[in-house]
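Protein chains in written order, with our numbering: chain W, 1 to 257; chain R, 1001 to 1326; chain Z, 2001 to 2325.
Read the hints as simulated data drawn from the structure, not as lab findings.
The beta-carbon is built from N, C-alpha and C at its ideal position, and this holds for glycine as well.
Where hints are given, some of them may not hold.
[As the list claims (entries may be wrong)] Heads up, simulated SDA-like pairs for lysine to any residue below, C-alpha to C-alpha not over 25 Å straight-line:
(1) W/94 <-> W/131
(2) Z/2316 <-> R/1103
(3) W/94 <-> R/1155
(4) W/72 <-> R/1201
(5) Z/2316 <-> W/14
(6) R/1105 <-> W/87
(7) W/75 <-> R/1104
(8) R/1105 <-> W/54
(9) W/145 <-> W/198
(10) W/145 <-> W/121
(11) W/171 <-> W/130
(12) W/145 <-> R/1190
(13) W/72 <-> R/1190
(14) W/171 <-> R/1190
(15) W/145 <-> W/196
(16) W/145 <-> R/1178
(17) R/1105 <-> Z/2321
(18) W/201 <-> W/236
(19) Z/2316 <-> R/1107
(20) W/171 <-> W/86
(21) W/75 <-> W/39
(22) Z/2096 <-> Z/2257
(23) W/72 <-> R/1209
(24) Z/2096 <-> Z/2178
(25) W/75 <-> R/1103
(26) R/1105 <-> Z/2314
(27) W/145 <-> R/1107
(28) W/72 <-> Z/2315
(29) Z/2316 <-> Z/2292
(30) Z/2316 <-> W/45
(31) W/94 <-> R/1179
(32) W/72 <-> Z/2292
(33) R/1291 <-> Z/2126
(34) W/94 <-> R/1018
(35) W/94 <-> R/1190
(36) W/75 <-> R/1202
[As the list claims (entries may be wrong)] A few chain R positions that, by computed beta-carbon distances, are all more than 10 Å from chain W:
(37) 1077
(38) 1158
(39) 1166
(40) 1182
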Amino acid sequence: MSGMLEAEGLVKRFGGLAAVDDVSFSTAEGEILGVIGPNGAGKSTLFNLITGTIPMTAGKVRFAGRDITGMKPEKVANLGVIRTFQSATVFREKTVCENVRIGYQFNQLGCPSNLFNRRRVRDFREKAGGVVAEVLDFVGLTAFKDRAAGELSYGGQKVLGVAMALAAGPKQLLMDEPAAGLNAVETRQMGELIMAIRDKKGIDVVLVEHDMAMVTSICDRILVINRGQVLALGTPDEIQRNPDVIEAYLGVDLELD
Amino acid sequence: MNRKTVLFVIALVAAVAWPFALDNSFFTHIGVSVWMFTLLALSMNLMLRMGQLSLAHGGLMGLGAYTAALLMLRLDAPFLLAFVSAGVVGGLVALITGPILLRVKGVYFVLLTFAFGEIIVLMFVDWVTLFGGNNGLFGVPRAQLFDFILRDRALSYVFALGLAALGYLGLRWIYRSETGAVIDALHDDEELAQSLGINALRYRVVVFAISGFMAGIAGGFYASYYTFVTPNAFTFWAAVDALVMNILGGIAVPAGAVMGAILLVPLPELLRDSQEYQVLFYGLVLIFFLKFIPNGLYGTFAYLISTPRREIGMRARKVLAWRQWK
Amino acid sequence: MAEGSGIRWTNDPGPLGFACRHGFPVPIMLPKVLVIDMDMLQLSIQVGVNGLMFGIVYILMALGFTMIFGIMRVVNFAHGEFYMLGAIAVLLLFGKLGYDYYLSLTIAVLFVGLFGVVVERLLLRSLVGRELNSMIMTLAISITMLSMVAIIFGPQEQSVDRPVSGIFQIAGVIIPQDRVMVGAIAMAVLVVFYLFLHYARFGLAMRAVAQDSGAAELQGIRPGFIYSLAFGVGSMLAGLAGALMAPIYTISPFMGDVPMMMAFIVVILGGLGSIPGAVVGGLLLGLVESVFSTFFGSTAATMIAFGMVVLILLVKPSGLMGRAQ
Chain W
1 MSGMLEAEGL VKRFGGLAAV DDVSFSTAEG EILGVIGPNG AGKSTLFNLI TGTIPMTAGK
61 VRFAGRDITG MKPEKVANLG VIRTFQSATV FREKTVCENV RIGYQFNQLG CPSNLFNRRR
121 VRDFREKAGG VVAEVLDFVG LTAFKDRAAG ELSYGGQKVL GVAMALAAGP KQLLMDEPAA
181 GLNAVETRQM GELIMAIRDK KGIDVVLVEH DMAMVTSICD RILVINRGQV LALGTPDEIQ
241 RNPDVIEAYL GVDLELD
Chain R
1001 MNRKTVLFVI ALVAAVAWPF ALDNSFFTHI GVSVWMFTLL ALSMNLMLRM GQLSLAHGGL
1061 MGLGAYTAAL LMLRLDAPFL LAFVSAGVVG GLVALITGPI LLRVKGVYFV LLTFAFGEII
1121 VLMFVDWVTL FGGNNGLFGV PRAQLFDFIL RDRALSYVFA LGLAALGYLG LRWIYRSETG
1181 AVIDALHDDE ELAQSLGINA LRYRVVVFAI SGFMAGIAGG FYASYYTFVT PNAFTFWAAV
1241 DALVMNILGG IAVPAGAVMG AILLVPLPEL LRDSQEYQVL FYGLVLIFFL KFIPNGLYGT
1301 FAYLISTPRR EIGMRARKVL AWRQWK
Chain Z
2001 MAEGSGIRWT NDPGPLGFAC RHGFPVPIML PKVLVIDMDM LQLSIQVGVN GLMFGIVYIL
2061 MALGFTMIFG IMRVVNFAHG EFYMLGAIAV LLLFGKLGYD YYLSLTIAVL FVGLFGVVVE
2121 RLLLRSLVGR ELNSMIMTLA ISITMLSMVA IIFGPQEQSV DRPVSGIFQI AGVIIPQDRV
2181 MVGAIAMAVL VVFYLFLHYA RFGLAMRAVA QDSGAAELQG IRPGFIYSLA FGVGSMLAGL
2241 AGALMAPIYT ISPFMGDVPM MMAFIVVILG GLGSIPGAVV GGLLLGLVES VFSTFFGSTA
2301 ATMIAFGMVV LILLVKPSGL MGRAQ
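Sequences and hints are given; from them, build the entire structure.
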């Protein structure tokens, strides 16, 4: 079964340094793929390449069969690939409810010309309330909906970030360290949320993470990256028994989470 | 009708009645200038709300003014057509140059628009056959609707006030609409907005174009009110004035731009006699505001209204107590 | 004018006539036109030398401006007024009080530097890093300085005598002696400045703060002190340029506008915050101004300069030698 996202020979060089060096993988349908690796291994850069935030030195990316190499981030988002950020990026001055609504709006009315399309705007306004309520309920933030986003705890803001991404109607979610900065309880809840996203909404997920417990418990497959190169790709069991992986991890400091 | 609408209507009525009550030609003239610059300040407010400062707006206003003047002088165009064209030219130039200019951000955008604005003025000065050089164009006909010629100063005042009010309401409508959410998002975290699907460049261009349209309209009004246009009214200093009005009044809401204009435009007139003292006063006022009232008048005003008196007292006492501890 | 040297005044421009506009391209109404019968080689060299003479002063202006931006991220719109202040100080000390020119020069430069430090401490310190507000504050400072000088000294143009006069003529190329003096002093100052930046403790500290103020602070460098130093030195350079140009040009409260514009252009071309960029940009602009004002007039030269600015900002906003942001 071939999945939605295919990366082929991705390379990104900064001057002489190759941050990403010939990385290829493809996601399987309905899969949660984890990407792990020591710090500085090139994981965030990988996401930036896929979403078009930074230009690729070489390689190709395909989503749902369509070549998205070098597409602008907003176009990639419009095609259904939405990413979340490592830090809690939300619109702090706006309420939780408004933030989620914005997620939906930016997806529906991303181009200024949409604003002149009366039907689209009307559709958006009619549906927005329902979409927002449903997403808030799904992530569990309904109680906070009228609070300013900046007032939420760090964990709450990260969940809000996920909610915004969900409102933008993704088919594929790229999550950059969703558990970074979360305590044990919040991490578990985030893990459950991600599984629910896959199970109940049918959205595929690729996530970059350092928290090994979370990764091994929720990911179907794991991609190990070291020094910008693919070290291994397999199920959590396979990865945990892989001697190269063990060497790479024992050779560096353990994650200071 | 809620409190704010009532307040607005009262303010509007007072503003309209004012020149008729006062019946002083000089003060009415100041009033006209206030409302004309309010429009320019509002156009600047749009840009600032996006987080970008454009120093080209003086030039855009100038393009509007010269367009209106030329259409009426050389082509005998009716006022309404010339006036609307002024806005259209301002908006169109912004729309066309936008995709190029708006690729850069921050300081570089400021410098780029500065250079762009200066090039426009240089064009006004150098292309003497078309724009009249340093002397500019004069004898521009006054505003005219069908057969009614706007010669009365008080009526010009009402016209200017009407334009400013439309601009103000228009801006508030934009800020409250979906577009407003985009503008705020672009200012706050553009990367986040893009990751959700916003085409940032195109939205910036649209905002720039609307802003340019407003500046052009202000220019069109300028041409027919003053009946002459000269290049040095549209240098980057005009944009700076608009910026200062926004700073004085507060960037956060359009009302701030209005307050800033009301405060700033009459200021030099108080010291008519000596231009040096005018400029000195302007400079000192600016320094004072930047140092001690950085959120602008409206910002401070709004804070004082929204935070109940009691709480301000409590907060002040907390601060004092903490300071004593140290 | 020396006879038989191929230089003469005339009312009629002729094939290679051009009005000598020494220094900054400000429209000067000359009743006559200086016609120089030169061949293309000589003309090229003359244009090149003119360009160098313009360029050296542009470099002085641009250096201070770019330094202030690089270290404090402040766009100093008042930079032209510090130039003017230097000239005004020379007007007072040399023109009105009769002190020796070189003494007046030194005092003027030190005064402007001190004034800069005071301005920075009182008004700009709290705005460092806040680009919009600091920009407007420097604008406010600019017009305040302008109007105060206009009130005290009057808005009209005044002038002082030249400390040296006459021209050198080398192989038919004309070099006024006062410009040579200006160039020599400027070069000496540039050399000292380079040594300061690369070898002096505070110079290195300034560069550290420009690169990463947080890291510099961790190393024990106090940013506040560096900001004052940077602004003071930057203003001194502008004041020096003004004081040097004072005898060559007329002095007025508004004389800072054009040099400000030129500093702007040079710094954008060379890169905001880049010292080598200021040098390269200054020479480039000097040459461009010289070429275009000779053959096409000063307005065309200014338009070309702005055009270059637009181009650079679109193609490589960090400037010819700047680091990408």
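To see whether the hints hold, each was checked on the structure:
As the CA atoms of residue 94 of chain W and residue 131 of chain W are separated by approximately 18 Å, the hinted pair is consistent with the 25 Å bound. A threshold of 25 Å between alpha carbons decides the hint, and for residue 2316 of chain Z with residue 1103 of chain R the separation of about 11 Å falls inside it, so the pair holds. Under the criterion of a C-alpha separation no larger than 25 Å, the hint pairing residue 94 of chain W with residue 1155 of chain R is inconsistent with the structure, at around 42 Å. In summary, the hint linking residue 72 of chain W to residue 1201 of chain R is supported, as the alpha carbons are separated by about 11 Å, within the 25 Å threshold.
This hinted pair checks out: residue 2316 of chain Z and residue 14 of chain W have alpha carbons roughly 18 Å apart, not beyond 25 Å. With a C-alpha separation of about 23 Å, the suggested pair residue 1105 of chain R and residue 87 of chain W falls inside the 25 Å cut-off, and the hint holds. Among the hinted pairs, residue 75 of chain W with residue 1104 of chain R is consistent with the structure: their alpha-carbon atoms are about 20 Å apart, no more than 25 Å. For the given pair, residue 1105 of chain R sits about 17 Å from residue 54 of chain W by alpha-carbon distance, which is consistent with the 25 Å threshold.
Of the pairs offered as hints, the one joining residue 145 of chain W and residue 198 of chain W holds, with about 24 Å between alpha carbons and a cut-off of 25 Å not exceeded. Taking the CA atoms of residue 145 of chain W and residue 121 of chain W, the gap is about 23 Å. The hint holds against a cut of 25 Å. For the given pair, residue 171 of chain W sits about 19 Å from residue 130 of chain W by alpha-carbon distance, which is consistent with the 25 Å threshold. Taking the CA atoms of residue 145 of chain W and residue 1190 of chain R, the gap is about 23 Å. The hint holds against a cut of 25 Å.
A C-alpha spacing of about 13 Å is found between residue 72 of chain W and residue 1190 of chain R, which places the hinted pair at or below 25 Å, so the restraint holds. Distance hint between residue 171 of chain W and residue 1190 of chain R is fulfilled; the C-alpha atoms sit about 22 Å from each other, no more than 25 Å. Note on residue 145 of chain W and residue 196 of chain W: the hinted pairing holds, with a Cα-Cα distance of about 21 Å set against a maximum of 25 Å. Taking the CA atoms of residue 145 of chain W and residue 1178 of chain R, the gap is near 19 Å; set against the 25 Å cutoff, the hint holds.
For the hint pairing residue 1105 of chain R with residue 2321 of chain Z, the CA-to-CA distance comes to about 19 Å; that is within 25 Å, so the pair holds. For the hint pairing residue 201 of chain W with residue 236 of chain W, the CA-to-CA distance comes to about 23 Å; that is within 25 Å, so the pair holds. For the given pair, residue 2316 of chain Z sits about 14 Å from residue 1107 of chain R by alpha-carbon distance, which is consistent with the 25 Å threshold. Straight-line distance between C-alpha atoms of residue 171 of chain W and residue 86 of chain W comes to about 20 Å, which keeps the hinted pair within the 25 Å bound.
Restraint check: the Cα-Cα separation between residue 75 of chain W and residue 39 of chain W comes to about 29 Å, which exceeds 25 Å; the hinted pair is violated. Distance check on the hinted pair: residue 2096 of chain Z and residue 2257 of chain Z sit about 24 Å apart at the alpha-carbon level, within 25 Å; holds. With a C-alpha separation of about 23 Å, the suggested pair residue 72 of chain W and residue 1209 of chain R falls inside the 25 Å cut-off, and the hint holds. For the hint linking residue 2096 of chain Z to residue 2178 of chain Z, the alpha-carbon distance of about 20 Å falls within 25 Å, and the restraint holds.
Distance hint between residue 75 of chain W and residue 1103 of chain R is fulfilled; the C-alpha atoms sit about 17 Å from each other, no more than 25 Å. Restraint check for residue 1105 of chain R and residue 2314 of chain Z: the C-alpha separation of about 11 Å stays at or below 25 Å, so the hint holds. With a C-alpha separation of about 37 Å, the suggested pairing of residue 145 of chain W with residue 1107 of chain R is violated against the 25 Å cut-off. Our distance criterion of 25 Å between C-alpha atoms is met by residue 72 of chain W and residue 2315 of chain Z, whose separation comes to about 19 Å.
Between the alpha carbons of residue 2316 of chain Z and residue 2292 of chain Z the distance comes to roughly 24 Å, so the proposed pair stays at or under 25 Å and holds. Distance check on the hinted pair: residue 2316 of chain Z and residue 45 of chain W sit about 24 Å apart at the alpha-carbon level, within 25 Å; holds. The suggested pairing of residue 94 of chain W with residue 1179 of chain R holds, with an alpha-carbon distance near 15 Å, which does not exceed 25 Å. Straight-line distance between C-alpha atoms of residue 72 of chain W and residue 2292 of chain Z comes to about 41 Å, which puts the hinted pair past the 25 Å bound.
Annotation: proposed proximity of residue 1291 of chain R to residue 2126 of chain Z holds, straight-line Cα distance about 8 Å (limit 25 Å). Between the alpha carbons of residue 94 of chain W and residue 1018 of chain R the distance comes to roughly 39 Å, so the proposed pair goes past 25 Å and is violated. With a CA separation close to 15 Å, the supplied pair residue 94 of chain W and residue 1190 of chain R stays within the 25 Å bound. Restraint check for residue 75 of chain W and residue 1202 of chain R: satisfied, since their Cα atoms lie roughly 13 Å apart, inside the 25 Å limit.
Every CB of chain W lies more than 10 Å from the CB of residue 1077 of chain R, the least distance being 29 Å, so the non-interface label holds. In this structure residue 1158 of chain R is separated from chain W by more than 10 Å, as the shortest Cβ-Cβ distance comes to about 32 Å. Consistency note on residue 1166 of chain R: stated as away from chain W, and its beta-carbon is indeed over 10 Å from all of that chain's, at 20 Å minimum. Not every beta carbon of chain W lies more than 10 Å from that of residue 1182 of chain R, the smallest distance being close to 7 Å; the non-interface claim is violated.
In this structure, the earlier hints numbered 3, 21, 27, 32, 34, 40 are contradicted, and the remaining ones agree with it.
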